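K.L.:
So you can see what is in the structure, the chains are spelled out below.
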Amino acid sequence: MRSEAAISANELTKWFGEGTLKTFAVREVSFQAYFGEILFIVGPSGSGKTTLLSMISGVLRPNVGSVAIEGVDIWQLAPDQLADFRLNKVGFVFQDYHLFPRLTTIENVAIPLILRKKNWEESIEEAARYLEIVGLKNKAELPPMKLSGGEQQRVALARALVSQPDLMIFDEPTASLDGDTGRRIMNFIKNNVLSDQRCILIVTHDNRIFEYADRIMKMEDGRIIGFDNGRSH
Amino acid sequence: MNGILKLAFKLLVNDKGKYAALLVGITFAVFLMVQMTSIFSGILTKASSTVINLGAQVWVMDPAVTNVASSIPLPTYVLDAVRSINGVKYAVPLYSGSALVKLENGVFQFVTVLGLDDNSLLGHPELIEGKIEDIYAENAFVAVQDTEISKLGNPRPGTEFEINDHRGVIVGLAKVSVSGLFGIPTLYTTYSRAIQYIPSTRFTIAYILVEPKSNDVIPSIQDQVRQLGYVALTKQGFMQKIADYYKYQTGLGTNILIMTVVSFLVGLSISGQTFYTFILENLEKFGALKAIGAKGNELVYMIFFQATFSAIIGYGLGVGLCAVVITLAKLRIPEYSANITFTTLAFALVMVLIIAGISSYIGIRKVLKIEPFDIFRS
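Protein chains in written order, with our numbering: chain A, 4 to 236; chain B, 204 to 581.
Treat the hints with caution; some may be incorrect.
[To be verified] On the chain A side, residues computed to face chain B include the following (Cβ under 7 angstroms):
no., residue
1, TRP78
2, ALA81
3, GLN84
4, ALA86
5, HIS101
6, ARG132
Since the hints were made in silico from the structure, they are not lab data. Predicted, not measured: the structure shown is a model, and the values here were computed from it. Every residue gets a Cβ at the ideal spot worked out from N, C-alpha and C, and that includes glycine.
Sequences are here, hints too, so could you generate the full structure?
P.N.:
What follows is the structure, given as structure tokens:
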């Protein structure tokens, strides 16, 4: 792990609703995450994990506070710049994967490259390399719905990796996988996705995979209640 | 193809069920719109058949004339006055009226009789049997060989009939480019014979056909005819007047307009609803694209492309289907009145693009509203 901060969150606060309906999802959260680190964000439902993840990844604007990624305050960027930031710097693996059922597996993986205005053929060629990395090259032409849950997870992973992001965001990556598949995915992330140039944030409930974390950030009621060392957890 | 457009294309066409439903909706709408407007166009063309077939450049008539079949007789002095107008090369009278003929088998049949100027025979049709000079023979008439000729018992040269107790003889068969609207056979004869054989009012000139010395003098001829208290219309002007009459004074145009609007609404509702469902089903995916880094304008571009692409394909299919149906109908009924014109095609294209615009607007609004955060929360 490098000592350089990949993410610097400062006093992040987010609430929904106004007046009597005002509900705080995240309150004054500050932390740093580093390149070469896998940081787990854990906590019970409603603790603000997903809201925090969304603010860090440039998806949800905080009411108060700032997020600096590699020193750039992302919430000072214009909307199109923010979209470019997400496209170039962040790789998302959503809980439900959100793969396009009408596209083939390889076309799904190529989407971020296509959004980067790469031409179709080049994008497909490059996507094939990432499908090979996740071990699904032989399923490139299948629609995602014909794949198992674990395979779909790997396709989503390949789609997140294909743009070579500095920051990888996983939302409950093992929630819908059995224990063995979940561990295989986590091993893959640890061994193939993590690097000195990349920071990985994982939101999870799944204590079976806590051993893969470098640090675990615990949240409750929108606040950080502490950090644990993952491997010693 | 640009990568984003190809992505939009694949998202659209790979959803075969929805895409087919979308195309069926648009095709159906285009088919109905083109069919309706083509029928109307065909009716208007047939309503102007006499004007088209006679081919005179300028027509002088009473200002109250609304269509070619309802001519108002002109006093003879008008013919002399028109002939004296500077710029008129020649002007001839035309008789246009209807008569009852008694066929050889005793059956009575209404006919339209056109009496051409005896000297020039201006506007005579092309004969496919017999010679035009034979029209000067005693009791001579030329019959138009169209689908209505069977109502005259499919006469040949030499066939006789009675017209107002006069003997009539068919001396030739002619072809015309457009047959009439009302399904009545047409007979050509000379002006003098027409007014002699057919009971007439005091004045017998239905129209004065004018040949100007050049196109440039037409406005001045029109101006001088106006000073006489009559109107001189170009061929196109007269056709437009007839079209306006059918459009605005018969209810026909309103009915066709209503049916076209209904066709448009049917197409819009089918394709709009299908496209909206398509967007709704893919809404989370569009949200995911937004989260990944797609910009709002790129999503708009994709959706607009999908709607426009469907509209254009549906337009092609609709026009093709309409052409097939009209062709088949014309094979069965040669005088079936429907013309697919460029105006009709342009009109349908505009309407289908409006359908695409509205459909995509509905989808775009929905997609632009979705927050990428909703994808995390899902």
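K.L.:
Give a verdict on every hint.
P.N.:
Here is what the structure says about each hint:
no. : hint   : verdict
1   : TRP78  : violated, 14 angstroms
2   : ALA81  : violated, 11 angstroms
3   : GLN84  : violated, 10 angstroms
4   : ALA86  : holds, 5 angstroms
5   : HIS101 : holds, 4 angstroms
6   : ARG132 : violated, 17 angstroms
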